[in-house]
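2 protein chains.
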Amino acid sequence: MIIGLTQMLHDDFGIDFHNPDLLDEAFTHASYANEHKREHLKYYERIEFLGDAVMQLCVSEYLFKRYPLMPEGKLSRLRAAMVREESFSKFAVECHFDEYIRLGKGEEKSNARQRPALLCDIFEAFIGALYLDQGKDEVVRFIQRVVFPKLDMGWYDQLLDHKTELQEFLQQSGERTIVYKEIGETGPDNDKHYAMEVSVDGKVIGKGEGHSKKAAEQAAAFQALKELRG
Amino acid sequence: MIIGLTQMLHDDFGIDFHNPDLLDEAFTHASYANEHKREHLKYYERIEFLGDAVMQLCVSEYLFKRYPLMPEGKLSRLRAAMVREESFSKFAVECHFDEYIRLGKGEEKSNARQRPALLCDIFEAFIGALYLDQGKDEVVRFIQRVVFPKLDMGWYDQLLDHKTELQEFLQQSGERTIVYKEIGETGPDNDKHYAMEVSVDGKVIGKGEGHSKKAAEQAAAFQALKELRG
Numbered sequence: 001m002i003i004g005l006t007q008m009l010h011d012d013f014g015i016d017f018h019n020p021d022l023l024d025e026a027f028t029h030a031s032y033a034n035e036h037k038r039e040h041l042k043y044y045e046r047i048e049f050l051g052d053a054v055m056q057l058c059v060s061e062y063l064f065k066r067y068p069l070m071p072e073g074k075l076s077r078l079r080a081a082m083v084r085e086e087s088f089s090k091f092a093v094e095c096h097f098d099e100y101i102r103l104g105k106g107e108e109k110s111n112a113r114q115r116p117a118l119l120c121d122i123f124e125a126f127i128g129a130l131y132l133d134q135g136k137d138e139v140v141r142f143i144q145r146v147v148f149p150k151l152d153m154g155w156y157d158q159l160l161d162h163k164t165e166l167q168e169f170l171q172q173s174g175e176r177t178i179v180y181k182e183i184g185e186t187g188p189d190n191d192k193h194y195a196m197e198v199s200v201d202g203k204v205i206g207k208g209e210g211h212s213k214k215a216a217e218q219a220a221a222f223q224a225l226k227e228l229r230g
Numbered sequence: 001m002i003i004g005l006t007q008m009l010h011d012d013f014g015i016d017f018h019n020p021d022l023l024d025e026a027f028t029h030a031s032y033a034n035e036h037k038r039e040h041l042k043y044y045e046r047i048e049f050l051g052d053a054v055m056q057l058c059v060s061e062y063l064f065k066r067y068p069l070m071p072e073g074k075l076s077r078l079r080a081a082m083v084r085e086e087s088f089s090k091f092a093v094e095c096h097f098d099e100y101i102r103l104g105k106g107e108e109k110s111n112a113r114q115r116p117a118l119l120c121d122i123f124e125a126f127i128g129a130l131y132l133d134q135g136k137d138e139v140v141r142f143i144q145r146v147v148f149p150k151l152d153m154g155w156y157d158q159l160l161d162h163k164t165e166l167q168e169f170l171q172q173s174g175e176r177t178i179v180y181k182e183i184g185e186t187g188p189d190n191d192k193h194y195a196m197e198v199s200v201d202g203k204v205i206g207k208g209e210g211h212s213k214k215a216a217e218q219a220a221a222f223q224a225l226k227e228l229r230g
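Residue numbers (the UniProt record's numbering), protein chains in the order written: chain A, 1 to 230; chain B, 1 to 230.
Heads up, some of the hints might be wrong.
It does not matter which identical chain is meant; a pair holds if it fits inside one copy or across any two.
Think about it this way: if two alpha-carbon atoms lie no more than 30 Å apart in a straight line, the pair counts; the simulated DSBU-like pairs of lysine-lysine are [unchecked claim]:
1. Lys109 / Lys214
2. Lys42 / Lys136
3. Lys42 / Lys207
4. Lys42 / Lys65
5. Lys163 / Lys65
6. Lys150 / Lys136
7. Lys109 / Lys42
8. Lys214 / Lys136
9. Lys42 / Lys105
10. Lys42 / Lys226
11. Lys74 / Lys136
Derived by calculation from the structure, the hints in this document are not laboratory data.
Whenever a hint applies, use it, and build me the whole structure from the sequences.
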């Protein structure tokens, strides 16, 4: 058993594994298993194979339901950004998973414990273990806490840029003149509210509001896209 | 509603959708929706995005559990073979899904209805619709009937070739001499049973039986791999 891991999962996430062997498998690197051949330890690769697919589905389902109007191409780009190595390795560190990996001596020396590819693997392996032990609903509960809040924290805003998307959409049919204009401002200085409209070749195609001019422009672009796509 | 589709699913698969709108969405191509703009039809792309991830997980979980000793690399190659366009398009035709796709006139003329890429999309979209309507267990029940039997029918035998795998495994440590030898033959002429052994550099490392010499060799190679991997 990996010392401290079950306790940490209990304390930090309220997760108690029925079968802690799955956790050992998820946090053991092949190099460690090789150095302890007599113990016939399982290492994380197979369980990571499963965890990868679990994450794909959970993230896909969340995005599908959260953004009912988002077209498939954008859903795919957003999913790709969320399930990539860079994201998962950050989640692994945030959850302190890096502290519990069982590594061979050579890998330890070469700083594998900080390597994003390994951290990403461990995160997926943990998800695979949690899925096998407790099912998809528990995985969703975990990533609702660790992964999904990043959407609201702006991690993926570049992909959620409706202004760029509107511009790309309109330019499919040649050059167009897109203009954003402020049409209102309400509230006291410390709680201003802005309204913007967006027009194409002189015709208004969307309006939006927000707590900043930028947010109001994004809302206007989003409404325009909704209208244009019918 | 697409004429005949719900009846076919009921008759052929015992599946009754609670929300048939999901089926309409899954079987409607963007070209058809474009030709019927006033009806504001949804088309399959978003639901296919979800179905793709559902299939990935269901196939991964099945392989993970069916082959408890298979290493990750082989699981990945097998999964890739099973979830690829060529496989899915065959499943779509086998299920008669091609007959129910709503296509625009131009696409129909260019024979899109027979195009593997489109058939694959429709199969995934149907899986997405079934998942949303009835959950993962029903999807598993469906693909247990349509997809998984292909493993036993030999569709993916090239990837399940244990002899090749044993050879590759042994050659990692230089050239080795691998010999298969018949060690027994039992049963009447119409129900022969063969036993084979495999040796490396003169030492026997696996034995296997089967209804053909080839099958017995595969079984011997599989046992050898199991031993060698500890």
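Structure-based check of all given hints:
{"no.": "1", "hint": "Lys109 / Lys214", "result": "neither (47 Å within a copy, 46 Å between copies)"}
{"no.": "2", "hint": "Lys42 / Lys136", "result": "both (23 Å within a copy, 28 Å between copies)"}
{"no.": "3", "hint": "Lys42 / Lys207", "result": "between (57 Å within a copy, 24 Å between copies)"}
{"no.": "4", "hint": "Lys42 / Lys65", "result": "between (37 Å within a copy, 15 Å between copies)"}
{"no.": "5", "hint": "Lys163 / Lys65", "result": "within (22 Å within a copy, 46 Å between copies)"}
{"no.": "6", "hint": "Lys150 / Lys136", "result": "both (20 Å within a copy, 27 Å between copies)"}
{"no.": "7", "hint": "Lys109 / Lys42", "result": "within (22 Å within a copy, 55 Å between copies)"}
{"no.": "8", "hint": "Lys214 / Lys136", "result": "neither (38 Å within a copy, 41 Å between copies)"}
{"no.": "9", "hint": "Lys42 / Lys105", "result": "within (17 Å within a copy, 56 Å between copies)"}
{"no.": "10", "hint": "Lys42 / Lys226", "result": "between (50 Å within a copy, 13 Å between copies)"}
{"no.": "11", "hint": "Lys74 / Lys136", "result": "both (25 Å within a copy, 25 Å between copies)"}
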